[in-house]
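Undergrad: In case you want the letters, here they are:
Protein chains: 2
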Amino acid sequence: MSLPPVINLFSKLALVDDHWAPKIVARMNTYHFKVVKLQGAFVWHRHAETDETFIVLEGSTRIEFRSGTVELLQGEMIVVPQGVEHRPMAEAECSVLLVEPSGTVNTGDAPGGLTAPDGVWI
Amino acid sequence: MSLPPVINLFSKLALVDDHWAPKIVARMNTYHFKVVKLQGAFVWHRHAETDETFIVLEGSTRIEFRSGTVELLQGEMIVVPQGVEHRPMAEAECSVLLVEPSGTVNTGDAPGGLTAPDGVWI
Chain A
1 MSLPPVINLF
11 SKLALVDDHW
21 APKIVARMNT
31 YHFKVVKLQG
41 AFVWHRHAET
51 DETFIVLEGS
61 TRIEFRSGTV
71 ELLQGEMIVV
81 PQGVEHRPMA
91 EAECSVLLVE
101 PSGTVNTGDA
111 PGGLTAPDGV
121 WI
Chain B
1001 MSLPPVINLF
1011 SKLALVDDHW
1021 APKIVARMNT
1031 YHFKVVKLQG
1041 AFVWHRHAET
1051 DETFIVLEGS
1061 TRIEFRSGTV
1071 ELLQGEMIVV
1081 PQGVEHRPMA
1091 EAECSVLLVE
1101 PSGTVNTGDA
1111 PGGLTAPDGV
1121 WI
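If you're matching them up, the sequences are chains A and B in order.
Residues in the first sequence are numbered from 1 upward in steps of one, following my numbering.
Residues in the second sequence are numbered from 1001 upward in steps of one, following my numbering.
The set of hints was computed from the structure by calculation and includes no laboratory data.
One thing to keep in mind: the hints can contain errors.
[Unchecked claim] With beta-carbon atoms standing in for the labels, derived distance ranges:
#1 GLY1068/B <-> TRP44/A: 46 to 54 angstroms
#2 ALA92/A <-> VAL1006/B: 15 to 23 angstroms
#3 ALA92/A <-> GLY1103/B: 33 to 41 angstroms
#4 THR1069/B <-> GLU64/A: 38 to 46 angstroms
#5 GLN39/A <-> ARG1027/B: 41 to 49 angstroms
#6 TRP1044/B <-> ALA110/A: 19 to 27 angstroms
#7 TRP1044/B <-> SER11/A: 27 to 35 angstroms
#8 ASN8/A <-> TRP1044/B: 22 to 30 angstroms
#9 MET1089/B <-> GLY113/A: 45 to 53 angstroms
#10 VAL16/A <-> TRP1044/B: 34 to 42 angstroms
#11 SER1011/B <-> ARG87/A: 22 to 30 angstroms
#12 ALA110/A <-> GLY1103/B: 33 to 41 angstroms
#13 GLY83/A <-> GLN1039/B: 24 to 32 angstroms
[Claimed, not checked] Short derived list, chain B residues pointing at chain A, Cβ under 7 angstroms:
#14 MET1001
#15 PRO1004
#16 VAL1006
#17 ILE1024
#18 MET1028
#19 ASP1051
#20 THR1053
#21 SER1067
#22 GLY1068
#23 VAL1070
#24 GLY1075
#25 ILE1078
#26 ASP1118
#27 VAL1120
#28 ILE1122
For each residue, glycine too, the CB sits at the ideal point set by N, CA and C.
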């Protein structure tokens, strides 16, 4: 067996030159780990089929829910429950590791200009 | 809806006072995120049913495979493939975030003195 690859998350982030477009860095069973840089306001959306995990690698971001807003700092994580509307918003650039099932589209039920192609590895 | 909790991984780690005993910090669908501190040598084992993800939060660890050894530093991750024998080994204490299906036992197919109770939250 060849050795499984070691993935340096910060080296992967250094290759990301856009915002809101998650890039896959690893697969675990039917799930993907994705790095993404956030800046500005995203769109309100929900993922009807799955929870979605955000882990902040650098910077900070807020995530708005209809019932209130949370702030996530470096080293913090949150699991957005399946079906719950949310909107990430980062005043300064924030780097995040997402964990979600493969095939999860970034804008969920709200496709539009910020919808990123799924399945892009970096 | 109440807001989803923000989980500070380093605050959780500060509560961990043992080694090799993963503690659950979050659930995503049927998966758990667990913090664990490694020190010394673990046992050779495999997980017959699942891949297993290691993300290094602090320190460094090696993971031995039958075909060679990888070293993981802070900010690096690896997905150990389903069914592949491995043995973590950390010369100094290393803090890790594990991602794996709920019910995954730390020692896999090699139960013994280092087998930790499953389902413990912190």
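Undergrad: Of all the hints numbered above, which does this structure not satisfy? Sort the numbers upward.
TA: 5, 6, 13, 17, 26, 27, 28
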